[in-house]
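Using the sequences provided together with the hints, build the complete structure.
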Amino acid sequence: MRVVVTGGTGFIGRRLCIRLVERGFDVVVTSRNTKQVEQLFGQTVVAAHWDGRDADELAKILDDGRRPATLVNLLGENIGTGRWTEKKKRRIRDSRVKAGKAVQAAVENSSLGLKALVQGSAIGLYGADASLRDDQIIEDSAPGSGFLAQVCEDWEASVSRLATRGVRVAYARTGAVLGAGGGMLGAMLPAFRWCLGGPIGSGEQWLSWIHLRDEVEALTFLVERDEAEGAFNLCAPGAVCMEEFSKMLGAALRRPSWFRVPEWLLRLGAGEMAEEMLLASQRAWPERLLQCGFDFRYPELRDALCQVLGEQGLLRAQPA
1 MRVVVTGGTG
11 FIGRRLCIRL
21 VERGFDVVVT
31 SRNTKQVEQL
41 FGQTVVAAHW
51 DGRDADELAK
61 ILDDGRRPAT
71 LVNLLGENIG
81 TGRWTEKKKR
91 RIRDSRVKAG
101 KAVQAAVENS
111 SLGLKALVQG
121 SAIGLYGADA
131 SLRDDQIIED
141 SAPGSGFLAQ
151 VCEDWEASVS
161 RLATRGVRVA
171 YARTGAVLGA
181 GGGMLGAMLP
191 AFRWCLGGPI
201 GSGEQWLSWI
211 HLRDEVEALT
221 FLVERDEAEG
231 AFNLCAPGAV
241 CMEEFSKMLG
251 AALRRPSWFR
261 VPEWLLRLGA
271 GEMAEEMLLA
281 SQRAWPERLL
291 QCGFDFRYPE
301 LRDALCQVLG
311 EQGLLRAQPA
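For what it's worth, the numbering used here labels the leading residue of the sequence shown as 1, then goes sequentially.
Do not rely on the hints blindly, as some may be mistaken.
[What the hints assert, rightly or not] DMTMM-like cross-link-like pairs, simulated, lysine to aspartate or glutamate; straight-line CA separation at most 25 Å:
1) 98 - 86
2) 115 - 217
3) 87 - 153
[Stated by the list, open to error] FRET-style restraints, in silico, Cβ to Cβ:
4) 140 - 111: 35 to 41 Å
5) 34 - 260: 44 to 50 Å
6) 290 - 193: 33 to 39 Å
7) 64 - 180: 29 to 35 Å
In case anyone wonders, no lab produced these hints; they're calculated from the structure. Even for Gly, the Cβ is constructed at its ideal location relative to N, Cα and C.
Right under this line is the structure:
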């Protein structure tokens, strides 16, 4: 089966493409820079040019086969880098919503159509204060308010019409991804290694996380399972508060976790991004993944941190 992946050169997408190839899929990776795709994957995938906007160009990629393909759409501007200026916020939104609308138009214009769409999204859809409203967030929980919540809602809506056109659509609402070489840990490790690590804000906010390996396996699960349809929270069942996360990370590194970053300083330095990402409280539960039989390899934070830090040669102790 052919799987077309957009955003396949990113932190998650790279690992996903490798895993799909291992599972025997014929993988096509779209990119503005096809040479980068070839450098990353060699001859194991097919590199196809797509600018994230041109529906006709994507339709040709989808039709370049004998049977309908599955599409994994992970395309989107990195939300965790740079201050959220109005220009940055437009890029965050447009890179997702315009690409989603192009995907929808491409499928509707293609002669083969599409077997299934795994659409990227995030638990940010539930709002920054989600766990102040609901103790535990499941897929049926209501969308929240704020910039990221609206972006995620619009992102999902940009392809929702396909579900009425015979396409199986699964929305992958991802939490904070823990893995080597990027994600949340990549941003936090430098401070801890310099003994300047600690909780962000009050430390009471809930953090819904997922190990990179489980993120990739969950996306692969959504590709392979014909019954996987609708929204799925991609986060481990062991959500923790930020205070606990910081203490466990410090213990694993044998570094102190005492330098609490006050909320006012975060708001001053990062503005709206601090409010919606760093100080957000979201205790998500992967109800539908578990109901479908998905098995987490790293359901507990301790095991996830030990694996990621060990892979990088940074693990100094087993957290209690």
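Evaluated hints:
1. 98 - 86: Measuring from Cα to Cα gives roughly 17 Å; hence the hint holds.
2. 115 - 217: holds, 20 Å
3. 87 - 153: holds, 20 Å
4. 140 - 111: 35 to 41 Å: holds, 36 Å
5. 34 - 260: 44 to 50 Å: Hint holds: Cβ distance 46 Å, inside 44 to 50 Å.
6. 290 - 193: 33 to 39 Å: At roughly 35 Å between Cβ atoms, residue 193 and residue 290 fall inside 33 to 39 Å, so the hint holds.
7. 64 - 180: 29 to 35 Å: holds, 34 Å
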